[in-house]
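**Q** This is what each chain is made of:
2 protein chains.
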Amino acid sequence: MKGNIFYAQSGGVTPVINATAAGVIDAYNKNKKSFGKLYVGKNGILGALNEELIDISKEDKTQLALLKQTPGGAFGSCRLKLSDFKKSKKDFERLYEVFKKHNIRYFFYNGGGDSQDTTNKVSKFFKERNYSIVCIGLPKTIDNDLPVTDNCPGFGSVAKYIATSTLEASLDVKSMCETSTKVFVLEVMGRHAGWLAASAGVIKEKAGDAPHLILFPEIQFNQGSFLKKVKETTMKYGYCVVVASEGIKGSKNKFLSDSGLKDSFGHAQLGGVAPVLSSIITSKLKYKVHWAVSDYLQRAARHVASAVDVEQAYALGLESIKVAKLENNIMLTIKSTTIKQKYKWSISSTSLDNVANVEKMLPKNFIKSNGFEITRSCKEYISNLIQGEDYPSYDNGFPQYAKLECKTIKKKLPAYKS
Amino acid sequence: MKGNIFYAQSGGVTPVINATAAGVIDAYNKNKKSFGKLYVGKNGILGALNEELIDISKEDKTQLALLKQTPGGAFGSCRLKLSDFKKSKKDFERLYEVFKKHNIRYFFYNGGGDSQDTTNKVSKFFKERNYSIVCIGLPKTIDNDLPVTDNCPGFGSVAKYIATSTLEASLDVKSMCETSTKVFVLEVMGRHAGWLAASAGVIKEKAGDAPHLILFPEIQFNQGSFLKKVKETTMKYGYCVVVASEGIKGSKNKFLSDSGLKDSFGHAQLGGVAPVLSSIITSKLKYKVHWAVSDYLQRAARHVASAVDVEQAYALGLESIKVAKLENNIMLTIKSTTIKQKYKWSISSTSLDNVANVEKMLPKNFIKSNGFEITRSCKEYISNLIQGEDYPSYDNGFPQYAKLECKTIKKKLPAYKS
Chain A
17 MKGNIFYAQS GGVTPVINAT AAGVIDAYNK NKKSFGKLYV GKNGILGALN EELIDISKED
77 KTQLALLKQT PGGAFGSCRL KLSDFKKSKK DFERLYEVFK KHNIRYFFYN GGGDSQDTTN
137 KVSKFFKERN YSIVCIGLPK TIDNDLPVTD NCPGFGSVAK YIATSTLEAS LDVKSMCETS
197 TKVFVLEVMG RHAGWLAASA GVIKEKAGDA PHLILFPEIQ FNQGSFLKKV KETTMKYGYC
257 VVVASEGIKG SKNKFLSDSG LKDSFGHAQL GGVAPVLSSI ITSKLKYKVH WAVSDYLQRA
317 ARHVASAVDV EQAYALGLES IKVAKLENNI MLTIKSTTIK QKYKWSISST SLDNVANVEK
377 MLPKNFIKSN GFEITRSCKE YISNLIQGED YPSYDNGFPQ YAKLECKTIK KKLPAYKS
Chain B
17 MKGNIFYAQS GGVTPVINAT AAGVIDAYNK NKKSFGKLYV GKNGILGALN EELIDISKED
77 KTQLALLKQT PGGAFGSCRL KLSDFKKSKK DFERLYEVFK KHNIRYFFYN GGGDSQDTTN
137 KVSKFFKERN YSIVCIGLPK TIDNDLPVTD NCPGFGSVAK YIATSTLEAS LDVKSMCETS
197 TKVFVLEVMG RHAGWLAASA GVIKEKAGDA PHLILFPEIQ FNQGSFLKKV KETTMKYGYC
257 VVVASEGIKG SKNKFLSDSG LKDSFGHAQL GGVAPVLSSI ITSKLKYKVH WAVSDYLQRA
317 ARHVASAVDV EQAYALGLES IKVAKLENNI MLTIKSTTIK QKYKWSISST SLDNVANVEK
377 MLPKNFIKSN GFEITRSCKE YISNLIQGED YPSYDNGFPQ YAKLECKTIK KKLPAYKS
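Top to bottom, those sequences are chains A and B.
Residue numbers 17 to 434, in the working numbering, belong to the letters of the first sequence in order.
Residue numbers 17 to 434, in the working numbering, belong to the letters of the second sequence in order.
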């Protein structure tokens, strides 16, 4: 009896994680003879623990065809740490039961650093158990912080969104700066690594262009030099555009967004480094400031996806089916080269052991010595990943995104309590 | 000697105000025989006061060709109230001097309510002065709050951005709600009228779809009923999406965003109704909340412009040149009809006297009786305005937006101090 496949989406979703799912599904449909069923976990690994296995063949074909152009995780994702591998293998035992019961022999887990770590642990556990299963990690994260792979699918599209939005907002503030707002602050994601903030830098072609300051989590925030640069820029060019990582830290390694904002009821204010920076600028420099926090808008912005990013995400899905008969305990990676100034990429792989618990920060040579701008190398790296526009189809004025039923198969086991 | 034209952009800019400018320029270039020069004011009416008149013919043709697809105000805009017409005509006297010196006989002013009021006053003043000049107001505002015209250029594109972004973010939060964020709050513009918040409602096709709550400035915010609805929605569907107008008010007619947020230095926090709502939800319902403030990102989002909106904005520019020989003291308007469920529109006009100081709020029959949703009529109205995708061209991964030099002609008058 041919083994069944389990695929699931994990961690924070991206504009293109569903393109990877579409790749898995399309390649599976072309290679059905070699495999049993394809099950998708409902809400990531939770779907395996709860025996909630989505049967793809039950989905409406028209909706499934829209999957590749749909943001978010169409099958549900999760932020879930399995039981501590060293202390209790309870969750792993349950996975073993469910996988054995459903003859699951391929485990494709689509996620970021934590999810790759989970895949690695699952792989090791099943080996101990002498249960034959192929474990493949499919990379995904807008944060672009996975090691070994040259980039992560999801990052390119969000980078394109941030570059485009920064350019557009900078034209707005420039138009009005004579008599109105002089400074604009955009907050983007990036708790530890500054890849997304850096992506705003690709639109800068000459001195004076926005963004004028990029604040990276890799560089400690210094209020004095920040205000000096904002003032200088505003005096010289009439306006100033700041792009800030949510994760920038001040002295004592404290997140700037945790700087004690309180509402009138005395409740601690939730996140938001942009309003904190805006308060600093307004109170110290007396400039009129506007600020935006893009939050999920950036992470879900499929309408302005990078064609390169969509292609890579989809190709990873296709590749997982291809290598499932050849390799094990790997994460697929993207390998790139630039030949005669033309960007080329292919799919490769690395052992999951190389991936676990390593976060890739912005390299030092990607940040200019002033600490506020990206270098030429960084610009080239990011530019390659935002090329091409992969627009979704529209119906009635807004994008057509897949609406899946996510029907699960009949359970064979008693319910699980973790 | 043929009269010269003065055109300027005023007030908050939009994704399509430059399309109107492109319409004026294109129609002027085809009808050059009937007019003298076309001058564009640098930074709106300030350009007239400061005698900063941009000579369009000096611009690079390639860049000028990109004007129609460029957001912001390419010639600069301003928020400037002229001297009080009843108390001091100082600014108006200066306009008279400048216009006479440069033989300006056509005044095209592209703006919202305040700008139309300015146009009306300029028109009246020049009439008193017996200076023959044609004054035409070109409507523009993302707020969609001008009277007489069936809609305002700028609104459709921002509405499309908000509908698209709300849909995308709702898929994101829905994916993750099992183990992570349960509520998402998006803040959109709209200080007095709820048109933009309403636009998120077009994506809702059935009960349970996002957005679950829209907060309009027309409806007084009530914390109790708000929390009740958020809780009900989250319990029933697993997640909840809220779209809030920046201008919502609580009791005592006080803006919710002015609810006393302070940073750790004790500085009053700048704006932001989304963080306030998020604090309320987190503290009272203990849900994990994410929030976004779209601010200028929405107002400048030319990359996802509505084709209908771009066409209307451009047509208004064309029309201004056409009517300049026929009418005076008018604002151009958009007149629409729906014939056999097909939306049709044409350009019409109204006396500037009909426009001044009237703000068009959301009609009562556009908001459902629960106060949190839009009606079918509202949905139809907005849907018509977001049809079609007018994408800008891209180069190197981000949109190609016009870079104008804005070279001004030689001044003939002494500098002005207002």
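In case anyone wonders, no lab produced these hints; they're calculated from the structure.
Be a bit skeptical, because a hint or two may be false.
Which copy? The list can't say, so a pair holds if one copy fits it or any two copies do.
[Stated by the list, open to error] For lysine-lysine, the following DSBU-like pairs were computed, each having C-alpha atoms within a straight-line distance of at most 35 Å: (1) Lys300 / Lys270; (2) Lys105 / Lys302; (3) Lys302 / Lys265; (4) Lys270 / Lys247; (5) Lys338 / Lys46; (6) Lys304 / Lys268; (7) Lys270 / Lys304; (8) Lys419 / Lys143; (9) Lys245 / Lys97; (10) Lys341 / Lys117; (11) Lys265 / Lys304; (12) Lys268 / Lys48; (13) Lys270 / Lys302; (14) Lys77 / Lys427; (15) Lys222 / Lys103; (16) Lys49 / Lys222; (17) Lys300 / Lys268; (18) Lys356 / Lys265; (19) Lys247 / Lys426; (20) Lys106 / Lys376; (21) Lys97 / Lys117; (22) Lys419 / Lys247; (23) Lys18 / Lys117; (24) Lys380 / Lys265; (25) Lys116 / Lys302; (26) Lys300 / Lys49; (27) Lys300 / Lys351.
**Q** Under the constraints set out in the numbered hints, which ones does this structure not fulfil?
**A** 8, 12, 15, 16, 18, 25, 26, 27
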